[in-house]
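Protein chains in written order, with this note's numbering: chain H, 1 to 366; chain D, 367 to 907; chain X, 908 to 1062.
Calculated from the structure, these hints are not laboratory results. Since the structure is predicted, the reported quantities are computational estimates derived from the model, not experimental observations. Be aware that a few hints might be false.
To be verified - Derived pair list, reagent style SDA-like, types lysine to any residue, alpha-carbon separation capped at 20 Å:
#: 1; chain 1: X; residue 1: K940; chain 2: D; residue 2: R674
#: 2; chain 1: X; residue 1: K940; chain 2: H; residue 2: I58
#: 3; chain 1: D; residue 1: K626; chain 2: D; residue 2: D860
#: 4; chain 1: D; residue 1: K678; chain 2: X; residue 2: Q953
#: 5; chain 1: D; residue 1: K714; chain 2: D; residue 2: D818
#: 6; chain 1: D; residue 1: K887; chain 2: H; residue 2: G173
#: 7; chain 1: H; residue 1: K339; chain 2: D; residue 2: Q739
#: 8; chain 1: H; residue 1: K339; chain 2: D; residue 2: M723
#: 9; chain 1: D; residue 1: K861; chain 2: X; residue 2: N983
#: 10; chain 1: X; residue 1: K939; chain 2: D; residue 2: M723
#: 11; chain 1: D; residue 1: K369; chain 2: D; residue 2: F439
#: 12; chain 1: D; residue 1: K626; chain 2: D; residue 2: D818
#: 13; chain 1: D; residue 1: K861; chain 2: X; residue 2: S1026
#: 14; chain 1: H; residue 1: K163; chain 2: D; residue 2: N552
#: 15; chain 1: D; residue 1: K749; chain 2: D; residue 2: F439
#: 16; chain 1: X; residue 1: K920; chain 2: D; residue 2: E726
#: 17; chain 1: H; residue 1: K339; chain 2: D; residue 2: K742
#: 18; chain 1: D; residue 1: K742; chain 2: X; residue 2: G916
#: 19; chain 1: D; residue 1: K403; chain 2: D; residue 2: E532
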Amino acid sequence: MLLNTYTDSLDFNALTQWIDQALSSVMPAWGVVLTECILIGLCLLLGYALIALALIYIERKVCAFFQCRLGPNRVGPYGTVQSIADMVKMLIKELITIDRVDRFLFNLAPYIVIISSVLAFGCLPFAKGLEVLDFNVGIFFLMAVSSIGVVGILLAGWSSNNKYSLIGAMRSGAQMISYELSIGLSLMTMVVLAGTMQLSEIVERQADCWFLFSGHIPAVIAFLVYLVAGTAETNRGPFDLPEADSELTAGYHTEYSGMHFGFFYLAEYLNLFIVSAVAATMFLGGWMPLHIAGWDGFNAVMDYIPSLVWFLIKVGVIIFVIMWFKWTFPRLRIDQLLKLEWKYLLPINLLNLLLMVIIVVTGLHF
Amino acid sequence: MNKIKDKLALMAPSVVFAEGEPLTVTVPAGEFHAVAKSLRDDPEMRFDFLVCMTGMDWGETLGVVYHLRSTSFGHEIVLRTETSDRENPELQSVSDLWEAAQLNEREVYDFYGIRFVGNSDMRRLYLRNDWVGYPFRKDYDASPEINPVRLESDESLDVVPGLQEENGKIEETESVLFDDSEYVVNIGPQHPATHGVLRFRVSLEGEIVKKVDVNCGYIHRGIEKMCESLTYPQTLALTDRLDYLAAHQNRHALCMCIEKAMGIEVPERALYIRTIMDELNRLSSHLLFWSTLCMDLGALTAFFYGFRDREKVLDMMEETTGGRLIQNYNVIGGVMADIHPNLVKRVKEFIAYLPPMLEEYDEVFTGNVIAQQRMKGIGVLTKEDAISYGVTGPSGRASGWHCDVRKLKPYGVYDKVDFKEIVRTGGDTFDRYLVRVDEIRESLHILEQLIDNVPAGDYAVKTKPIIRLPEGQFFSSVEASRGEFGVYIESRGDKYPYRVKFRSPCLPLVSVVDHLTRGYKIADLIAIGGSLDYVVPDVDR
Amino acid sequence: MSAFKEYIGSFFKGLTSLLKGMRVTIRVFFRKKTTEQYPENRATLQMFDRFRGELIMPHNENNEHKCVACGICQMNCPNGSIRVESETVTDEEGKKKRVLKRYIYDIGSCLYCQLCVRSCPHGAITFDTKFEHAVFTREKLVRQLNHEGSTLEKK
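Isolated chain H, as found in the complex:
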């Protein structure tokens, strides 16, 4: 099988094993676990912050280019330091205490949002051997933790003592719960094809052919549905009703300031990354290079590209498409949003799931 021949030019297994051995030689077993946990946590948070900053910069540039503008171009070459400058500003800004809010819940909400997205972030298989949480219900766990975020958003809107925020939060609740269904069903379609929920396994099984191609019709439908539902899940345009700046000023985070606002902001971009990463993993083979059966020379060339790069390229393409959605379409209204889900996406999804089961049972997939 191709799988066995693929050796990553940038293998993380070796690195992690070397660290493990180095630590074991100097401290007892519990110390090794503790140190590794801290190290991994730090790396995750660092990666989280860096990706969010990069995404904010990319979004601003992409959006500007769609709008015949140049975008940030003052801080650093081509404005690259802009989002770092923004982060510094955000960090040193005051956290304003608002009169008559439920202070505990108000302060808790951004942390719930950020924790849920960090947890989901931890599940992602970034490259061969580079995954933090990898167990047999991986995709299920990812779905479960990422939907905790809506609790944070509801709390934020509820506790803000602001009518706009409350409306935003209610919209967000209705939207997220509806679209969770579509995301779940479209991923379930792929789980039927993969036969496993473990993310590393799912990637390994796409070594010969990405699921998007091997599952043909139902996989393509599931992919499109997932893209739409994923966009809705991250509260991005055209589904940005909870924020809807022209209606609700800023929706659920109207009253937040400083780093608490920053958390919402970071989580929003990271959720975009997570949604795209899950799409890349489930449909486009994750970190697996593009292999075409029979073309050995081509496959060998593809293998030279490190798996992390493959992963980031795939995620990047999907992120660009989602940004392209946002910067083209007008916003939906709440009833249209729900109609789209319950009248179109859900029936399509259910039929699609059935189709996929038939195809898998009859062995019609590649």
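Starting from the known structure of chain H, fit chains D and X onto it as the hints suggest.
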């Protein structure tokens, strides 16, 4: 006209007719409502459109001047009514006959203190509730001790005072606007979708709008009052600041009114230039409308496309007039300067440039399924309501009302060019949108005909350094970007006007919001507001 | 059946309209951008010559202006942005003459209506195309237009 005169004389023998055009009738205060009702309902008169309502202080008496027009016959009449009671002036309300009177009566109350019997909402419209005195009265004391700059916020009334007549007795009434159980949200004064400092108090039932109360006056500058102490050339500078997207057209109306009063013949070349600039102004305004409506509906990218193209129009205007927004180009008797030599070339380039861009607009927004679903069937305004509220301009034409002043009473050189009056019959948000998009094309068509044919000659006639208007009342109107913009001047022969009133096209647009949005969602309120395209400085004046 | 057809039809019609929009935006994505890089293009930035930036009083090389301090501009200004301060001096021939002492212009309240320039009988003032007026206090917006020690141009 004589027929109307005879009829009126028969019906109410106490009315007094004045000389001149249009027919001006002074009606005693006690019979006013009856006369107005028959003027509206009589099948041979049908004065169904209240064009303009002007509060007046004639020294001894306080009163109101009504400009009425019949949309089916096109004839016009001016009604005057007055009361000599300066302490506690009361007149009969006509808000049950014309919806447009509702807010206008509040404006008259605000400025002159005249209370209207039969109007259940007699709050001030522009000024604070705790304002002392009525500023447009000639004996108003403007000293700052009486009305200092107040730092505490003005309380919004939930229960509003009014006056009703019952069994011949006038009684104070109180009506409840919002009760305690209602979920009232402020949209504005600082809100991205109100296009300025306008405030809607919106009562919500979940996402659904139950009632909207409009609060104006955040940008009220008292321009009409200021005009009373400025010479005629000086008043011109202020019209640009009303509806800043129709600056040139507003000023055109005021210049026309003054020229009509003075009997000045404007040179042909100036008329052509004025018409060209009017249309350029309309282009820039409609492009901005398109952009902001897209933004209100969440299509931010489309917003930038509109602005990109509007920039070219602004460049053209700036090159000739020296101003982008505040063009300051019309003067009494013509225009300030001749057109810039580059203008013809630029306009031609633009006429070639814009149509492909309009195709792009259609692809990115008009045809978009989300945009269509958000606009179709939303906020339907019937033709009758449009007339009653006085919603003119593209919004009125979307309801099937032929109200284009350029066609009804051609000014400039509109009688010499061939253009269609864009009329649609749906009256919903999508029709209001389409009318404006089509008007962009129509404006290009007008420019195409004019730009090569500007006749040679003077661009202005010489006027005396000090301009005095003969005694009398003068009214003229133009089709501004968002509707009929009228100017009413009452002159007593001085170099200052005695009273100037601007018939703003945007006040009716704002007054109709409540009627249109009831039962729709918050997002629809934004879409409807965007499609009505009001400009707040024009509402507040 | 027709309802189902409509359901499917509307779905695909909607989808095409969305794709059309995306085609437009991606085309613009690769088009030349229209942003003007303002402070960088300062050297080449040319305002239109009729643009009204601020009121100025041109002086010739001998530090002479054309203002006779008649005050017509001050009278015509709708907003009171102009104050003409003059003094009466007696010249060598013993004639009393009004000369300009200070010509004060408050750009903060100027309406740019051009009534002053149009009404000036001697063409002593005009509008400049300079537009960078930002200052930190309002007082700095009040300017004296006649230069120090300038005199009336002799005919």
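Is the Cα-Cα distance between K163 (chain H) and N552 (chain D) 20 Å or less? Distance of about 9 Å is within 20 Å: holds.
Are K339 (chain H) and M723 (chain D) close enough, with their CA atoms no more than 20 Å apart? Cα-Cα ~33 Å, so violated.
Measure nothing beyond the straight line between the CA atoms of K887 (chain D) and G173 (chain H); if it is 20 Å or shorter, mark the hint as holding. Between K887 (chain D) and G173 (chain H) the Cα gap is close to 18 Å, so the pair holds against 20 Å.
Are the Cα atoms of K626 (chain D) and D860 (chain D) separated by 20 Å or less? With a Cα-Cα distance of about 16 Å, the restraint between K626 (chain D) and D860 (chain D) holds, given a limit of 20 Å.
Holds or violated: K369 (chain D) to F439 (chain D), with C-alpha atoms at most 20 Å apart: Status holds; Cα separation ~13 Å.
Below or equal to 20 Å on CA atoms is what counts here, so check K939 (chain X) against M723 (chain D). holds, 15 Å
Hey, K749 (chain D) versus F439 (chain D), does the alpha-carbon distance stay inside 20 Å? Holds, at about 16 Å.
Verify the proposed pairing of K940 (chain X) with R674 (chain D), using a straight-line Cα cut of 20 Å. Satisfied, since the Cα-Cα distance of roughly 10 Å is no more than 20 Å.
Within 20 Å, alpha carbon to alpha carbon, are K940 (chain X) and I58 (chain H)? The given pair, whose Cα atoms are some 17 Å apart, holds under the 20 Å limit.
Compare the distance between the alpha carbons of K920 (chain X) and E726 (chain D) with 20 Å, and conclude whether the hinted pair is satisfied. holds, 18 Å
Measure nothing beyond the straight line between the CA atoms of K403 (chain D) and E532 (chain D); if it is 20 Å or shorter, mark the hint as holding. Holds, at about 18 Å.
Given pair status - K742 (chain D), K339 (chain H), alpha carbons within 20 Å: Holds: K339 (chain H) and K742 (chain D) sit about 16 Å apart, inside 20 Å.
Of the numbered hints listed earlier, those contradicted by the structure are 8, 12.
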